[in-house]
Structures are given as structure tokens and as C-alpha cells.
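Engineer: Sequence:
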Amino acid sequence: MNHATELLISAAAEEALRWRRHIHAHPDLSFQEKPTADYIARELASFAGLEISRPLDNSVIAVLRGPHPGPTWALRADIDALPLQEESGESFCSTVPGVMHACGHDAHTAMLMGAAKVLCQRRDNLHGSIKFIFQPAEEVPPGGARELVELGWSTTWSIFSVCTSSPPARSAP
Numbered sequence: 493m494n495h496a497t498e499l500l501i502s503a504a505a506e507e508a509l510r511w512r513r514h515i516h517a518h519p520d521l522s523f524q525e526k527p528t529a530d531y532i533a534r535e536l537a538s539f540a541g542l543e544i545s546r547p548l549d550n551s552v553i554a555v556l557r558g559p560h561p562g563p564t565w566a567l568r569a570d571i572d573a574l575p576l577q578e579e580s581g582e583s584f585c586s587t588v589p590g591v592m593h594a595c596g597h598d599a600h601t602a603m604l605m606g607a608a609k610v611l612c613q614r615r616d617n618l619h620g621s622i623k624f625i626f627q628p629a630e631e632v633p634p635g636g637a638r639e640l641v642e643l644g645w646s647t648t649w650s651i652f653s654v655c656t657s658s659p660p661a662r663s664a665p
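FYI, the numbering for the sequence shown is 493 to 665, going by the numbering used here.
The hints are simulated quantities; they were obtained by calculation from the structure and are not laboratory data.
Predicted model, so just to flag it, every value in this text is computed and none were measured.
One thing to keep in mind: the hints can contain errors.
[Stated by the list, open to error] Label pairs and their in silico Cβ distance ranges: (1) 534 with 580: 21 to 31 angstroms; (2) 582 with 543: 28 to 38 angstroms; (3) 643 with 561: 20 to 30 angstroms; (4) 560 with 587: 21 to 31 angstroms; (5) 583 with 530: 19 to 29 angstroms; (6) 643 with 540: 33 to 43 angstroms; (7) 590 with 560: 47 to 57 angstroms.
A virtual CB, placed ideally from N, CA and C, is assigned to each residue, including glycine.
Given the sequences, and given the hints that come with them, work out the whole structure.
Structural biologist: The following block contains the structure:
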């Protein structure tokens, strides 16, 4: 990896922390993620080269098309929260009573937004296309995934899912 790319990743990591904390503080339950999807779409709109769509009110799909031919890949993150009361006391803890991001979907979403930002900035090197899928209702399978597939958002492309475990509340970034 070259130094320029490292700098882009470092800058995106700082933004990802801000995005993660905002999403963490404003969680939405499955099938109620419209405010989260609105936030994601607003932030992604500032990234040059992304085509943003809202196949469902509570989802976002953004496509980055490279200037060179190649395969289409998809990167996916889940955006819903759980019906739990947060008691962490963090400055960015949930502002919604009885709802919190307890299993990392806020981090998944922020990481995917960061990846989108860096890849948009490196678009000239891209061979093919990348679809960034922000999926609702992962906590209630088949949930939002089935709805997106039924709307035709599944074709013959490869998908990577963003997964992480949540650190203990007191050490969460």
C-alpha cells in the first residue's frame, strides 16, 4: 500500500469514528431504520462518484463504477439495533430509551462508509464496480436481506459482509 492510500485510510478512520458514534447514539430497531438510512445517504452524498439509491426507505445502496472493465463486488453492513437499554455512560451512548447498538452494527456501518470514502478517492484505479449495501433488519432474519433480494438487488456478484465483535463498553472507541 502506498503512502497516499495510507493517508486516505487514516483520514477516513477519523470520520468513521464520528459516524459510528452518531449512529450509536441514534439507534433504530429492525424495519424502523429510516433515520439511520437518511443519515447514511446524506453522508455518502458528499463522496464523489457514488450513485446512491434507496430501494427501501430504511436502506441505502451506493454504487461506485470504476473507469476500467471488471467484476462487480458488493460490500454489506447491517444497520439495525437491538431492543436493549444502554447503561454504558459513554458520551455517545444511545439517546433512544430501550434501544441500542449492542453487537457492532454501528461499527459495521461506519467501516463500510469509510471503505466507500477511500474507494471513491481511489476510483481511477478501480477495475469494475463496487456496491455498498446498507441492509436493514438483520436482527430478524430473513428481514431486510430478503426484501432487498426480492426487489432485485441480488445478481451475479460477490458479496463481503462486514463483521466485528463489540469491545467491552468501557473501552469502546
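Engineer: Taking the hints in turn, state whether each one holds.
Structural biologist: Verification of the supplied hints:
Under the hint 21 to 31 angstroms, the C-beta atoms of residue 534 and residue 580, about 26 angstroms apart, fit the expected range. About 35 angstroms separates the C-beta atoms of residue 582 and residue 543, a value consistent with the hinted range of 28 to 38 angstroms. Under the hint 20 to 30 angstroms, the C-beta atoms of residue 643 and residue 561, about 26 angstroms apart, fit the expected range. Between residue 560 and residue 587 the beta carbon distance is about 44 angstroms. The supplied range of 21 to 31 angstroms is therefore violated.
Between residue 583 and residue 530 the C-beta distance comes to about 23 angstroms, which sits within the given range of 19 to 29 angstroms. At about 27 angstroms, the CB distance of residue 643 to residue 540 disagrees with the hint of 33 to 43 angstroms. Taking 47 to 57 angstroms as the suggested C-beta distance range, the pair residue 590 and residue 560 conforms, at roughly 48 angstroms.
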